[in-house]
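There are 2 protein chains.
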Amino acid sequence: MNDSVLKPFGLHIKQLRKDTALSQEELAARCGLDRTYISGIERGLRNVSLINLFKLAKALDVAPEKLLAFEVDND
Amino acid sequence: MNDSVLKPFGLHIKQLRKDTALSQEELAARCGLDRTYISGIERGLRNVSLINLFKLAKALDVAPEKLLAFEVDND
Chain F
1 MNDSVLKPFG
11 LHIKQLRKDT
21 ALSQEELAAR
31 CGLDRTYISG
41 IERGLRNVSL
51 INLFKLAKAL
61 DVAPEKLLAF
71 EVDND
Chain W
1 MNDSVLKPFG
11 LHIKQLRKDT
21 ALSQEELAAR
31 CGLDRTYISG
41 IERGLRNVSL
51 INLFKLAKAL
61 DVAPEKLLAF
71 EVDND
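First to last, the sequence lines map onto chains F and W.
Letter 7 of the first sequence, counting from 1, is numbered 7 in full-length UniProt numbering, and no numbers are missing.
Letter 51 of the second sequence, counting from 1, is numbered 51 in full-length UniProt numbering, and no numbers are missing.
Any given hint could be a false lead.
Pairs involving identical chains hold if they fit within one copy or between any two copies, as the list cannot separate such chains.
[Said to hold, decoys possible] Taking lysine-lysine and the BS3-like style, the derived pairs with C-alpha atoms no more than 25 Å apart in a straight line are:
{"no.": "1", "residue 1": "Lys55", "residue 2": "Lys14"}
{"no.": "2", "residue 1": "Lys66", "residue 2": "Lys55"}
{"no.": "3", "residue 1": "Lys7", "residue 2": "Lys55"}
{"no.": "4", "residue 1": "Lys55", "residue 2": "Lys18"}
{"no.": "5", "residue 1": "Lys18", "residue 2": "Lys58"}
{"no.": "6", "residue 1": "Lys7", "residue 2": "Lys18"}
{"no.": "7", "residue 1": "Lys58", "residue 2": "Lys7"}
In short, the hints are calculated from the structure, not lab data.
Just so you know, these numbers come straight off a predicted model, no measurement behind them.
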């Protein structure tokens, strides 16, 4: 299940970040996370925790549930 | 932010589990997780990862975004 969730999640976060015209650095600063961590999320390498999902949602100014509104890859 | 997210999340998961008339043991078995882990989630002690959120959603037969549709405590 890992790649089928983490990869599309990463692309979804990247799109939401671009929608708000934030750089990875800016998003990282807003979340209090490292830029390399944001980069890892967007590449599908990070299994983000609930707390960090809420930090991302706040930083992206979207409802938390919107972060999970993406299509999982079929595998 | 931790308790203000994890505690209401735990209560939300507990309610969703009860809505489907599953015991903690049954939910754990469906997720491939331990019953003590489910118990920890419901008591707000676990910072659940994205992968486990998707396992929980599948086991509870709800859309993943529904798991994040709860009110964070103000603190």
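For this session: Indicate which option fits the pair Lys7, Lys55 if close means a Cα-Cα distance not exceeding 25 Å: within, between, both or neither.
Result: Answer is both: 19 Å inside a copy and 16 Å across each meet the 25 Å cutoff.
Exercise. When no copy is named, should Lys7 and Lys18 be tagged within, between, both, or neither for a Cα gap of at most 25 Å?
Worked result: within (17 Å within a copy, 31 Å between copies)
Exercise. How would you classify Lys58 and Lys7 at a CA-CA limit of 25 Å: within, between, both, or neither?
Worked result: both (21 Å within a copy, 18 Å between copies)
Problem set entry | Status of Lys18 relative to Lys55 across identical chains (alpha carbons, at most 25 Å) | Result: close within a single copy only, 17 Å intra versus 28 Å inter.
Exercise. Within a copy, between copies, both or neither: where do Lys18 and Lys58 come within 25 Å Cα-Cα?
Worked result: Intra 15 Å, inter 29 Å, cutoff 25 Å: intra-copy only.
Problem set entry | Status of Lys55 relative to Lys66 across identical chains (alpha carbons, at most 25 Å) | both (13 Å within a copy, 18 Å between copies)
Exercise. Which holds for Lys55 with Lys14 at a C-alpha limit of 25 Å: within a copy, between copies, both or neither?
Worked result: both (15 Å within a copy, 23 Å between copies)
Hint compliance for this structure: every hint is met.
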